[in-house]
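Colleague: Given the coordinates of chain A, work out where chain B should sit on it, guided by the hints.
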Amino acid sequence: MAGKTLYDKLFDAHVVHEQDDGTALLYIDRHLVHEVTSPQAFEGLRLAGRKPWRTGAMLAVPDHNVPTTNRAGGIVDPVSREQVSTLDRNCQEFGVQEFPMADLRQGIVHIIGPEEGFTLPGATVVCGDSHTSTHGAIGALAFGIGTSEVEHVMATQTLLQKRTKTMQVRVDGELGPGVTAKDVVLAIIGKIGTAGGTGYAIEFAGSAIESLSIEGRMSVCNMSIEAGARAGMVAVDEKTVDYFRDKPFAPTGEMFERAAEYWRTLKSDPDAVFDKVVTLDGSKIEPQVSWGTSPEMVGPVNGRVPDPAAETDSVKAEGMRNALKYMGLEPNTPMTEIRIDKVFIGSCTNARIEDLRAAAAAIKGGHVADNVTLAMVVPGSGLVREQAEKEGLDKVFLEAGFEWREPGCSMCLAMNADRLEPGERCASTSNRNFEGRQGQGGRTHLVSPAMAAAAAVAGHFVDVRQA
Amino acid sequence: MQAFTTHQGIVAPLDRSNVDTDAIIPKQYLKSVKRTGFGPTAFDDWRYLDPGEPGMDHSQRRKNPDFVLNQAPFDRASILLARENFGCGSSREHAVWALTDFGFRAVIAPSFADIFFNNSFKNGLLPIALKEKEVDAIFKAVTANPGLELEIDLPNQVVKAPDGSEYAFEIDRFRKHCLIEGLDDIALTLEHAEKIKAYETAQMEKTPWLFNDLRSNVGG
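Chains as they are written, first to last, in my numbering: chain A, 1 to 467; chain B, 1001 to 1220.
Everything labelled a hint here was simulated from the structure, so no lab data went into it. A portion of the hints provided could be inaccurate.
Stated by the list, open to error - Facing chain B, from chain A, some residues (calculated, C-beta under 7 Å): (1) Ser80; (2) Gly144; (3) Thr147.
What the hints assert, rightly or not - To give an idea of the chain A side of the interface with chain B (calculated C-beta under 7 Å), a few residues: (4) Thr158; (5) Ala259; (6) Val315; (7) Arg437.
As the list claims (entries may be wrong) - Heads up, simulated BS3-like pairs for lysine-lysine below, C-alpha to C-alpha not over 25 Å straight-line: (8) Lys9(A) with Lys1195(B); (9) Lys9(A) with Lys1197(B); (10) Lys267(A) with Lys239(A); (11) Lys239(A) with Lys4(A); (12) Lys239(A) with Lys1206(B); (13) Lys162(A) with Lys1176(B); (14) Lys1176(B) with Lys4(A).
Just so you know, these numbers come straight off a predicted model, no measurement behind them. Glycine included, every Cβ here is placed at the ideal spot set by N, Cα and C.
So that you can see chain A by itself, here it is in the shape it has in the complex:
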């Protein structure tokens, strides 16, 4: 019998009950909650007279609606304010631990989970947010759910799940200088497509993935959903174990060593068989820039905007024409000639300390270009912000003309006041370039933090390796 994949191991360890048709009741160890997808779930509990099964497995934080400037003034938009205060009230009423807006530990839900050691290797992690896949980077089974399932987990600590198929994405070879985790995952999505991972759990493996830091692996797993996969994961290694040595909610002392012993088993067996294997040569990956309105519409910075006329699949060609029209781009334009209006460095994909270090380093003493009306840096959490300030990164950004903001989701999805105006073009370190994602009519180009910072200085996209 073939060995088990990491996914199989994580799934099997959490089966409470299995029906004969393969539908399993899966135990959930960690439930992250934010203000946007939880109010209807709390209300559902209230209407049914139910209580949360295990509040100790929950951690809540407001992130989508919070302002990134003038926190002391509170939330100006009354609708956003109501949603955040509804979360505060619900957490109080049901006894759920929350890091409210004024807490130093407040931040983007997927940044603070690992940062606090609240999400751990070997755990099942869910959240009413598709980027929950981020936590797979630490060897957890983590995936996004809808609000009905949020309520189901609150009430029962379980979810009804069927095993998905498994895909291994192997990236071997040494990444070139200036090529980051973000470029790796964008290249993967460019190769397999936005629906390439639908119905699969992806395990990212290979020497290029192993060479990434835990934070880099989080950027990769974060965008699994942009390839259609609900869950992405990376096997546990010593980097993973070491990452949790000093985290507030992680075990300590003897308990840590016992946990670490178990965590080290969290890898696919050598003879495990995946339903699908995709390989990429890491040494050939170049810094990436997306040009369209789907994350699969992406290519190397030294390439050109593709021509729909050269696409043989008529549905695809039509999609490209729609995308180029929305993006205001002509076919065959060199990527490096695309001028930008705004720059956003942040999001659950790229707002950890290493991302901010890479962005700051790419500024190289330059200043935000005249045609760039706003370049903002939004740290992923209060603790990331604090660490960056200790290192003086805030000064690097401010002196270069960037704005240094308070933590939150911000312009990744523009639920707060940070947004693009119609027609504005943005170099963004976020995860989605959908129409209207960063503001109605806004045009998003997905890039790495270093590429975003270099573009801010140049006023257009540049190859960060030559900048």
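Modeller: Just chain B now, kept in the frame of chain A:
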């Protein structure tokens, strides 16, 4: 949950692939703390020519005449027809609530994104995956005959067109059962409460570091 057995209704052709949930319901409407009222702002950016915000009277906004759901008879459609990877992106269940609030009972496409697909079943919206050439055939039929009605028969897992064409579809047995009966998942799961507790007790020994809260509750 609203049960689903059979349904007959007008089909609206939305000829796009990768329709994401941001497009189905833009972010500004996610600030609502309710499950209802999302219908008037379904596909907001495509449906209206002026920008929309929560709390507006959407009936007073300028509609985009080129958008299919603004055209009769599709404004009364209850079956949505789209291309591959429908519902990709954000997990927001508001996308499903927007479709059901608009009046849709089913979506037909060659493929669906996983989270959207899952969310649909929780709200009595039936996602039907048909083969690409079958979806193509329905697009052609609807274009030739706007207002065409399809009949969906869930117990027999078949979509019937007026010309006699029939399209069989697959559905998970348990999900089908829950839809037909309109069952509440949570109540079903709580029938296994003792098993969940037994699992927790066993895991507290195996992975105690994941159960600090429960261990302290029992004085350990």
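Colleague: All hints, please: hold or fail.
Modeller: Going down the list of hints, with the structure as the test:
no.	hint	verdict
1	Ser80	6 Å, holds
2	Gly144	4 Å, holds
3	Thr147	4 Å, holds
4	Thr158	6 Å, holds
5	Ala259	5 Å, holds
6	Val315	6 Å, holds
7	Arg437	5 Å, holds
8	Lys9(A) with Lys1195(B)	20 Å, holds
9	Lys9(A) with Lys1197(B)	21 Å, holds
10	Lys267(A) with Lys239(A)	14 Å, holds
11	Lys239(A) with Lys4(A)	22 Å, holds
12	Lys239(A) with Lys1206(B)	23 Å, holds
13	Lys162(A) with Lys1176(B)	14 Å, holds
14	Lys1176(B) with Lys4(A)	30 Å, violated
Comparing the model with each earlier hint shows a violation of hint 14 alone; every other hint is respected.
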